[in-house]
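Visitor: Listed here are the chains, written in short residue letters.
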Amino acid sequence: MALIDVRKVYKIYNEGMESEVRALDGIDLTIEKGEFTAIVGSSGSGKSTLMNILGCLDVPTYGEYYLAGSDVTELSDSQLSRIRNREIGFIFQGFNLIPSLTAIENVELPLVYRGVTGSKRRELAEEALAMVGLEEREKHIPSQMSGGQQQRVAIARAIAAKPDIIMADEPTGNLDSKTGGQVMDILRTLHHSGSTVLLITHDDSIAASANRVIRILDGRIVSDTGKGVGD
Amino acid sequence: MGVIQAFKMAVKSIASNKVRTVLTMLGIIIGVAAVMVLVSLVQGYTSSMMEYYQRQGANRIEVYAYQWGGADISSDLYDYCLGLGDLVLGVTPNAQTGGVVKYGAKKLENANIFLGSDQYAVCNNYTIAKGRDMTYLDVKKYQKVCVLGAVAADDLFDFADPIGKQITIAGEPFTVVGVFEAKYPSTGGNEEQDWMSHYYDSIVVVPYTDARFMSNSYITFDSYVVKAASSAATTEAVTKLASFLSTKIDPNKGYYDVYSINQQIEAGNEETRMLSMILGGIAGIALLVGGIGIMNIMLVTVTERTREIGIRKALGARRRSIIIQFLIESGVISFVGGIIGILLGLLITLVLGKLMWDMTIFPSVSLSLGAAAFSIVLGIIFGIYPAAKASGLQPVDALRAE
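Keeping their order, the protein sequence lines are chains A and B.
Going by the working numbering, the residue at position 108 of the first sequence is 1416; the numbering climbs one at a time, nothing skipped.
Going by the working numbering, the residue at position 243 of the second sequence is 1428; the numbering climbs one at a time, nothing skipped.
By construction, these hints were calculated from the structure, which means they are not laboratory data.
Treat the hints with caution; some may be incorrect.
Stated by the list, open to error - In silico contact screen, one side only, chain A against chain B (beta carbon under 10 Å); selected entries: (1) A1310; (2) Y1374; (3) D1385; (4) I1396; (5) F1398; (6) I1406; (7) S1408; (8) K1470.
Bear in mind the structure is a predicted one, so any value in this text is a computation, not a measurement.
We put the CB at the ideal spot given by N, CA and C, even for glycine.
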């Protein structure tokens, strides 16, 4: 059973009207546990819409989506929250840290919603920050950190709750090539340690880090290098 | 997420958004304090007025009657009032004169000397503290006796017993037969209080018939006080006195007027009601403006918070957790604001009451709590409204908010 199984998924805005937009136009896709997959496409191709649906941040207009065997489209809002909290870790292009919270507090957030308390939570958060090399920046708030540091905090937040899947939407988009490289190194390390990594990018050189590249255009998959769990 | 965790999160959010917190609280503080202060001012004014009337005594009728070249009507009025029987408790001329009052070396340079009947005390709400009051016979027989106000007695006799002592009033010897209870016990307070104490308690009352001994000063009998038995009796007595005076005073040569303290209180009440409405209206506007301030600041931060809610949802927050967090957040801000508002309102009320009337005024409890409850409910509603709305969005839509 595939970890992610998407069947005939459509995302249509303003359906039936003249301004109808088919952001996703019948996507079929399966991703196995442990894969490092890149979804590549130009701006407006629908790649971010696909990631939002795969990450349960959005719902498809039509189609079925099975995540680890259960039909996501049937789930309630609080069940979806549980999936976002336990199964998936997000890394956004714009970091999406909460500006009033310190680095460690941001990293702790998913653990808070998971019900992990006290020293256990602090321990997991510190561990995650150490993994991205930011143990010295625990008490800094986002505005006191560089873009690269903020993105590493966001990665630490994504991995702190040890989710099965890491989803990264243009994680290097706001970073220079050196810090971007560091971020990619972290994603590769996560893949090696067994995580399923899904990377969204418009940049073929970034996509080259992945074992599988899916190309998307006008809401449709136009090419797929095929599955490959190993290196 | 537990309630304790939600509480910690709310407190963290409050502490890290100081400007928003202060602005929201300010709306509540100003609204609550303004309502309390304005309404308390009306209360203070009313009770200071009521206090004045109470010292004067209820059911007091003031009579003014004068006629050029006419005979003194004092004894006619006295007899007429006796004829009214149960309707009237007392009647007295209310004539006043100045003059030096002396006891040995001690002097009162400007004591208020009143010429009254034996019912002077009843009519002016004095009670005898020591000795006796003037009697009907004192008045009839031109007895040279007097009753002292509490301050006059203390000033002349230095707290020694004045009963039976001889004093001189405008050069004539008089015997002190009694001392009144102080109407305005001096508390060493402000100027107004000292003045009241002097005016009402530094007095000497002598039988009005003794005016003949005080020929050195000019005394007119044109003002009288009648004390009625009840509020109904007051109304009836006013009518009767007016018709009696119309037979005595020729309108071409004189003038008369009869009015009761009750009528004044009535007019005062009307004035107070108007004042309450005007100030209450202003207070209402203050509360409304405060409320709009709360709404504004809560709604202005919606976009910023919508994104925050999107992030929280993406990280796995359930709708319930987010609403609880925002509920606690706005609840804490509103409550703290409400409490500060109440304390501030209380403080300003106490200070103003002391400065304006030398009284300790407490704002109405129900009103203060009402104003606070209104602001708090408003703060909470507009605090969770954006949260409730944004937490219902798909996370991706909430994240899109700029």
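Visitor: Which numbered hints does this structure break?
Guide: As far as the earlier hints go, 1, 2 and 8 are violated by this structure, in ascending order.
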